[in-house]
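Visitor: Residues per chain are reported as follows:
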Amino acid sequence: MSEITSSAAPPLPAASEKLKFYGLWVVAAIALLLLPKLFSSGGSLTTFSLIGISIIFSLSYNILLGQTGMLSFGHAVYYGLGGFLVIHAINIIGANKLPIPLPLVPLIGGLTGLLFAVLLGWVSTQRSGTAFAMISLGVAELVASSALILRTFFGGEAGISANRTKLLRVFDWSFGPQIQIYYLVAAWTLIAVIAMYALTRTPLGRMCNAVRDNPERVQFVGYDPHVVRYLAFCFSGFFAGIAGALAAINFEIANSAYLGAVQSGTVLFATYIGGVGFFIGPIVGAIFVTFLSLGLSDLTPVWQLYFGLIFIAVVVFAPGGITGLLMMHRPLLKAGTLTKVLPSYLIGFVPTLAMIVGLILAIETIVHYTVSPGDDSHIKAFGVNFDAASPYIWAMTAILLIGGYLVARKTWTWVGHAWDDATSGTHEQGIAA
Amino acid sequence: MLELIVISTLNGVLFGMLLFLMASGLTVIFSMLGVLNFAHASFYMLGAFFGFQVSRWFGFWPALLIAPLLAGAIGAGVERYGLRRVHKNGHVAELLFTFGLAFAIEEIVQIIWGKSPVDFRVPPLLDFPAFTIFSTNYPAYKMFMLLVSIVIFIGLLIVLKKTRIGLIVQAALTHPHMVGHLGHNVGRIFMLVFGVGTALAAVAGVIAGPALVTQSNMAGLLGPILFVVVVVGGLGSLPGAFVASLLIGLVQTFAVSMNGSLSGAFGPLSAAYASTWLADIWGVTIAQIAPIMPYVLLVLILIFRPMGLLGTRDT
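Quick mapping for you: the protein sequence lines, in order, are chains E and L. 1 is the number of the first residue of the first sequence in the numbering used here; add one for each residue after it. 434 is the number of the first residue of the second sequence in the numbering used here; add one for each residue after it.
Same shape as in the complex, but just chain E:
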């Protein structure tokens, strides 16, 4: 028996690998410390704080979707309840002068998320797959609608607010300025990311993956998939609560939008666009989606449509998300055949870009005619001025869209061939993905 375990267990990592692993976290911590020195404006600090919150939330969501294979449409419930409880907690602590400093308050949010996950999770996780998705949606609607009924606690439509500066001060930090909030969020983000990474390395984390891949087999081995799913759900609720708490501290307000379907949808978008297959995926997704929603809303009034289209495109063409796409190239990089595909990418990129530009032109022109038909036809989208009434623009749109599609389709098959060519090289060298 001991022989089997000793031969089956992976070898202990070498000192250099350990150094690389811990070095990564140290580098991340230093980067978080230095970030406000490089970008010190108030706007960028707010953006960084939002990204940090979004990273924790997306990673907590990926415990469900990526690690355990449970698609939830109601993850914002635990985020929102964490936020609400934290606002109440800040008010109570401030009023009674309790000796609890603000940096510890997110823990209250986390415990709230955990508590509600414990309460609601047992019923929700009885089944996986589609049934779980529907149940999570129903529970989310139940909580979101109840929040509007229990007005004293949830504050109705307006929500409830708190003053974060009234708590016990440590090292004379008032947490009034955004820079201090940034460091608070950054510290909690680092802690939560490390904790969630550690969770994936535990036996529980491994059993979650097993439940995702083959629940029947898990039962044969002697585990109850329901219990494993339930435990994953509880951990996920805990971290979602921390994210909600940080959001509530950041905005000093909690309202019913925290609990709503939009919030649940956003975290799903962020996680999936980033990629559910790798631990780093949701982090990439959170950064990408936060920048996208902040940036696109300045560029075009219909940014949510683009957002939805990007999501559909990712689901159809790149089910692994951004990280999945990048990681596909790792074996090529190792085998040195990456140069075979790069030229074909460049060739494929040009007509595809033309098609996308045509699509954007078409959407913006249509939007102009449906939303504000009487206005001046010289419109500005993505920083470019053009005349939506000009027949030249229409012709160009049609040529870009249709011509781009026809040419792009040809180049895509080409890219496919180049890809096959390059990957066959890696198979010969025996490099696994």
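None of these hints come from the bench; they were simulated from the model. Among the hints, a few may not be true.
From the derived model, a few chain L residues whose C-beta atoms are all more than 12 Å from chain E [claimed, not checked]:
(1) N444
(2) G653
(3) L683
Calculated pairs, DMTMM-like style, for lysine to aspartate or glutamate (alpha carbon to alpha carbon, straight line, at most 25 Å) [to be verified]:
(4) L/K521 - E/E216
(5) L/K548 - E/D298
(6) L/K548 - L/E436
(7) E/K340 - E/E216
(8) E/K340 - E/D420
(9) L/K521 - E/D420
(10) L/K521 - E/D421
(11) L/K575 - L/D560
(12) E/K334 - E/E252
(13) E/K410 - E/D421
(14) E/K37 - E/D172
(15) E/K334 - E/D421
(16) E/K340 - E/E17
(17) L/K548 - E/E157
(18) E/K410 - E/D420
(19) L/K521 - E/D213
(20) E/K97 - E/E17
(21) E/K97 - E/D213
C-beta: ideal position from N, C-alpha, C; glycine also.
Guided by the hints, dock chain L onto chain E, whose structure is given.
Guide: Chain L only, in chain E's frame:
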């Protein structure tokens, strides 16, 4: 009291039949394709808006035919060029695809028709009270809605029970793979079922549009209730969907018309509790909690009968 019961029963059955028009398509699509179409309520909304637009151009009656055909064609296209591509990536990808689609459709509807409700009116031919009961005028249009949904229900029943395609669909409900092995063109059947299912949802949209509010959030409001119907009835069970539709239709309409609350039954709270959160629970009327009734029902069903009322499949 009797008046309340009669009117609420009528309205409840009407709402239930409307729900079933949508839930039937959703259930059959789920059973055959294994994918829960998140965008199903969006096709209901598309039906309502197409109906509004077409009835502006050609009148209501052509709209009743054209709008569902349009929506059904879009639905078939979505299955053929969207879902079928995503199918190889598994059920989660399919569900997410329809989720993204629902999001995009809502945005597109908002762009074209705006966020505020459109002026979709009852056709003048049906704009009169059908009968007066206890001094309440019951509109003829609602009777027409009931009639349409019952006719479609019977038609669906006949198609499913008596025709060849119905037999194949029935077989595919329980043994989807076997149908494929028997040499039927499963791809085409899937596309057909998806198209018909979305067209049925669009019919519900056209006839519900003038009676309810035609607005870009109507899919978001109805969608979750639709899923409750399907889960409560039992995933993949048509009779279950029928029972659950009527049940939820009746529960919601009766709840809306009731004004009772705990404070009404037991008297107001003592002054010590009057300003706490208990007062919310104490003072809330049944009418106010009507929107959460379906979800409470969902949770109760999940606790006591996880398969749903008439469900057999444990997916």
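Visitor: Indicate, hint by hint, whether the structure satisfies it.
Guide: Do the hints match the structure? See the list:
Distance to chain E confirms L/N444 as a non-interface residue, since its nearest Cβ pair spans about 21 Å, more than 12 Å. With a cut of 12 Å on Cβ distances, L/G653 falls inside the contact zone with chain E, its closest approach being about 7 Å. Look at L/L683: its CB is around 19 Å from the nearest CB on chain E, clear of 12 Å, so calling it non-interface holds up. Proximity of L/K521 to E/E216 is assessed by CA-CA distance (about 22 Å); at most 25 Å being required, the pair is judged to hold.
For the suggested pair L/K548 and E/D298, the alpha carbons sit about 20 Å apart, so the restraint of at most 25 Å is met. In summary, the hint linking L/K548 to L/E436 is not supported, as the alpha carbons are separated by about 36 Å, beyond the 25 Å threshold. In summary, the hint linking E/K340 to E/E216 is not supported, as the alpha carbons are separated by about 42 Å, beyond the 25 Å threshold. Using a Cα cut-off of 25 Å, the hinted pair E/K340 and E/D420 holds, with the two alpha carbons roughly 10 Å apart.
With a CA separation close to 19 Å, the supplied pair L/K521 and E/D420 stays within the 25 Å bound. For the hint linking L/K521 to E/D421, the alpha-carbon distance of about 23 Å falls within 25 Å, and the restraint holds. Taking the CA atoms of L/K575 and L/D560, the gap is near 10 Å; set against the 25 Å cutoff, the hint holds. Pair hint E/K334 plus E/E252 does not hold up; C-alpha atoms about 49 Å apart against a cutoff of 25 Å.
Restraint check for E/K410 and E/D421: the C-alpha separation of about 17 Å stays at or below 25 Å, so the hint holds. Distance check on the hinted pair: E/K37 and E/D172 sit about 21 Å apart at the alpha-carbon level, within 25 Å; holds. With a C-alpha separation of about 15 Å, the suggested pair E/K334 and E/D421 falls inside the 25 Å cut-off, and the hint holds. A C-alpha spacing of about 30 Å is found between E/K340 and E/E17, which places the hinted pair above 25 Å, so the restraint is violated.
Distance restraint check for L/K548 and E/E157: the Cα-Cα separation of roughly 19 Å lies within the 25 Å cut-off, and the hinted pair is therefore satisfied. Only pairs whose Cα atoms come within 25 Å are accepted, and E/K410 paired with E/D420 is accepted, the gap being roughly 16 Å. Proposed proximity of L/K521 and E/D213 is supported: the alpha carbons are some 16 Å apart, at most 25 Å. For the hint linking E/K97 to E/E17, the alpha-carbon distance of about 48 Å lies beyond 25 Å, and the restraint is violated.
Note on E/K97 and E/D213: the hinted pairing is violated, with a Cα-Cα distance of about 50 Å set against a maximum of 25 Å.
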